Amino acid sequence: MLEIKNIVKQYANHRALDDVSTRVEQGSIFGLLGPNGAGKTSLIRIINQITAPDSGEVFFDGQPLSPDHIGRIGYLPEERGLYKKMEIGEQMLYLAQLKGLSKQEATSRIKHWFEKMEMQSWWHKKVEDLSKGMQQKVQFVATVVHQPDLIILDEPFTGFDPVNVNIIKEEILSLNRNGATIIFSTHRMESVEELCDSIVLINKSKKILDGKVREIKKAYRTNTYRVEHLSHDVQLASVEGLFAIESREDKGENTALTIKIAAGRTINDVLAHLLPIVQIHELKEIIPSIHDIFVQQVTTKASNPLISEQE
Amino acid sequence: MNKILLIIKREYLSRVKKKSFLLVTFLVPLFLIGIYALTIYLTAKSFESNHAVVHLIDQSGLFAGKMNNNEQITFLEVSDDIAKEKARILNEEGKTFLLIIPPDMAESAQVELFAKETASLGVQGDVSNQLEQVLRDIAYAEAGIDRATVESINPEVHLSAKEITEEGEKDSSAGAAMGIAMSLSIVVYICLFLYGAQVMRGIIEEKSSRIVEVIISSVKPFQLMMGKIIGIGLVGLTQFILWIVLSSSLMGVASVGMTDGQEIRKQLTEQGLSGDEVQEVAKSQDGMFGKVTRELGKVDFQTIVITFLLYFFGGYLLYSALFAAVGSAVDSETETQQFMFPITIPLLFTYILSFGVLINDPHGPLSFWLSMIPFTSPIAMLVRVPFGVPTWEIVLSLVLLVGGFILTTWVAGRIYRVGILMYGKKASYKELVKWFRYKG
Numbered sequence: 001m002l003e004i005k006n007i008v009k010q011y012a013n014h015r016a017l018d019d020v021s022t023r024v025e026q027g028s029i030f031g032l033l034g035p036n037g038a039g040k041t042s043l044i045r046i047i048n049q050i051t052a053p054d055s056g057e058v059f060f061d062g063q064p065l066s067p068d069h070i071g072r073i074g075y076l077p078e079e080r081g082l083y084k085k086m087e088i089g090e091q092m093l094y095l096a097q098l099k100g101l102s103k104q105e106a107t108s109r110i111k112h113w114f115e116k117m118e119m120q121s122w123w124h125k126k127v128e129d130l131s132k133g134m135q136q137k138v139q140f141v142a143t144v145v146h147q148p149d150l151i152i153l154d155e156p157f158t159g160f161d162p163v164n165v166n167i168i169k170e171e172i173l174s175l176n177r178n179g180a181t182i183i184f185s186t187h188r189m190e191s192v193e194e195l196c197d198s199i200v201l202i203n204k205s206k207k208i209l210d211g212k213v214r215e216i217k218k219a220y221r222t223n224t225y226r227v228e229h230l231s232h233d234v235q236l237a238s239v240e241g242l243f244a245i246e247s248r249e250d251k252g253e254n255t256a257l258t259i260k261i262a263a264g265r266t267i268n269d270v271l272a273h274l275l276p277i278v279q280i281h282e283l284k285e286i287i288p289s290i291h292d293i294f295v296q297q298v299t300t301k302a303s304n305p306l307i308s309e310q311e
Numbered sequence: 001m002n003k004i005l006l007i008i009k010r011e012y013l014s015r016v017k018k019k020s021f022l023l024v025t026f027l028v029p030l031f032l033i034g035i036y037a038l039t040i041y042l043t044a045k046s047f048e049s050n051h052a053v054v055h056l057i058d059q060s061g062l063f064a065g066k067m068n069n070n071e072q073i074t075f076l077e078v079s080d081d082i083a084k085e086k087a088r089i090l091n092e093e094g095k096t097f098l099l100i101i102p103p104d105m106a107e108s109a110q111v112e113l114f115a116k117e118t119a120s121l122g123v124q125g126d127v128s129n130q131l132e133q134v135l136r137d138i139a140y141a142e143a144g145i146d147r148a149t150v151e152s153i154n155p156e157v158h159l160s161a162k163e164i165t166e167e168g169e170k171d172s173s174a175g176a177a178m179g180i181a182m183s184l185s186i187v188v189y190i191c192l193f194l195y196g197a198q199v200m201r202g203i204i205e206e207k208s209s210r211i212v213e214v215i216i217s218s219v220k221p222f223q224l225m226m227g228k229i230i231g232i233g234l235v236g237l238t239q240f241i242l243w244i245v246l247s248s249s250l251m252g253v254a255s256v257g258m259t260d261g262q263e264i265r266k267q268l269t270e271q272g273l274s275g276d277e278v279q280e281v282a283k284s285q286d287g288m289f290g291k292v293t294r295e296l297g298k299v300d301f302q303t304i305v306i307t308f309l310l311y312f313f314g315g316y317l318l319y320s321a322l323f324a325a326v327g328s329a330v331d332s333e334t335e336t337q338q339f340m341f342p343i344t345i346p347l348l349f350t351y352i353l354s355f356g357v358l359i360n361d362p363h364g365p366l367s368f369w370l371s372m373i374p375f376t377s378p379i380a381m382l383v384r385v386p387f388g389v390p391t392w393e394i395v396l397s398l399v400l401l402v403g404g405f406i407l408t409t410w411v412a413g414r415i416y417r418v419g420i421l422m423y424g425k426k427a428s429y430k431e432l433v434k435w436f437r438y439k440g
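Protein chains in written order, with full-length UniProt numbering: chain A, 1 to 311; chain B, 1 to 440.
Calculated from the structure, these hints are not laboratory results. A portion of the hints provided could be inaccurate.
Unchecked claim - Partner residues aside, some chain A positions facing chain B, computed with beta carbon under 7 Å: (1) 48; (2) 57; (3) 58; (4) 59; (5) 62; (6) 83; (7) 244; (8) 245; (9) 248.
On a predicted model such as this, the values are computed, not experimentally measured, just so you know. For each residue, glycine too, the CB sits at the ideal point set by N, CA and C.
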């Protein structure tokens, strides 16, 4: 869907994007993650052709990005708003027409969405007469009314109230099921982690890693598990060459252990050792969250399996 | 292109549909007509004045029987008892006056007019006119001059200034030209600021309501800026054209109804004025209206209206681009002050000069150059046009104006595209230069 190649964006005294490349698969949900000021919004503005990169290229469906693609992108900026004194219906119509829809088509699409979101009666209302939550719904409809193939949402869940977040999440997922590619951009990584198929992590204008969430997590597995067993006065100890106990938590009837399995051994080996000794209550692999991976990446600058692989 | 049209349409309709637009469009001509009508009404009203009674004590004996009663004044000759007459005046209601002509009136030329309230200027003027006429008649008689002969000698010279142009001679009118030039410079000066500020406010509104990024993900920032500038410019033109049409048609109706010379003549006759006096009044009426009409007739209104619309629109495009750049650089209207200064200066400079230098010397070198420089030409050229300007100068100045407008739009566009995305950042001139240099 989208191929971003070696984008560099330089502002007077700081470099917003430094040689960033990544790709967004057709029909996927893609997370563009990084702390505030990392360069996410700069990248999104380049994709939306609001600004142009100093060097590098973006390909949309294999073609270099051009104004023809604008109508196929729906963009919900982080800094968003509507004309306060304009009627909602008229405003929607205007925004949809700017995206290239004919007046007739725009009208029928807007009516369809208004019905879907239960806001038919809002057509002649002005934005300033709507509640904040209602405005958010209108804003969302304005983003997707022209049936874009690519929907870019910058910090979509900040500023939305929880009820609307759920409604809108559902709508986004259903748009995705119908073929739309979604890009989430956020600094709150945990908020989109479970939604995203792939991510790219950006920090201080550089890409630090990208790929499928599943693969990234796999690469960052630490072979750490959490084992909860019935206590029964049994005190488990680390076994050299099999597993080491990193922490122990007494939970009354149960005891919870965090164990790290030695290299070359599997959880099955550990279970084989444990089963005769204790009654297992719960077993769970401790997988690092994207946030943990990010923190690990930027603080330790430790080995990076994915990037070293590529280089 | 299609998108620019959409933007122009929205900017235009959202303003034209506002109640305030309709209100201003219709109230301003009505206001002008109102003032016009009021002036005429008051003028007419002054003819039907209240009647005054003047009690006359003529101690000189020169005036007895020579004072004429008219619509304004009735003269009553009374006894010579000054004290008694004064007491009577005190008890009288209304406009009763006591005119005392002393015995040495012919030499001292002093008379006294008593009343409970000071006499109006009309009555005072009428009384002294009549006294003077009587004295003049006496003087004529003593010198052996026939009054009728004197009155028949009444030379009047009509000087008409003519300009020699290539198309031949034509009437010129410095008076009317000056008046029109001054009004044009005021109107253009005010309107450039008025509509330029509307562009600026519109941009600040889009920026502060945060809709701007939603829109420029669909259109280029430059398209948004131009759409807004053109849309608001068309609002301005619409307003002017409506004003011109409404005012001139209302003026037409008002003039026909109120200033018909025949009508006034008839009225005056009905009010009982003698034929001579009617003739006098009508002549002065005709003279006043006729003079104004004649003067205005010499002015080429068609050229003035067309050049006005061209220079207003050109100047507006040039300056509104600068206003747009300012609007994009700030977060609220209160921050605009520091950037407004350099925009205001050339306009203010020309505006002030237009009253002195430009009007007095409309064809001098300073006037010429100011009407060529795009930043000052919208005012300077309009001030000169009523005095007659060669066509080539107007064409050259318009070409330069278009060039200036392209330049400012280009500069403003580069600042605008960066500025509208800079939230909560206080911009300085240094910053603007930096934005201007950004690529893409």
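Comparing the hints with the structure gives:
1. 48: Holds, because the Cβ-Cβ distance from residue 48 of chain A to chain B comes to roughly 4 Å (cut-off 7 Å).
2. 57: This interface hint is violated because 13 Å lies over the 7 Å limit.
3. 58: With a minimum Cβ separation of about 13 Å from chain B (threshold 7 Å), the hint on residue 58 of chain A is violated.
4. 59: Not OK, violated: residue 59 of chain A not within 7 Å of chain B, min 18 Å.
5. 62: violated (22 Å)
6. 83: Given a least distance of 6 Å, the restraint on residue 83 of chain A holds.
7. 244: At about 51 Å, which exceeds the 7 Å cut-off, the nearest Cβ of chain B leaves the hint on residue 244 of chain A violated.
8. 245: At about 51 Å, which exceeds the 7 Å cut-off, the nearest Cβ of chain B leaves the hint on residue 245 of chain A violated.
9. 248: For residue 248 of chain A, the interface hint is violated, since the closest Cβ of chain B sits about 50 Å away, which is over 7 Å.
Against the hints set out earlier in the document, violations occur for numbers 2, 3, 4, 5, 7, 8 and 9.
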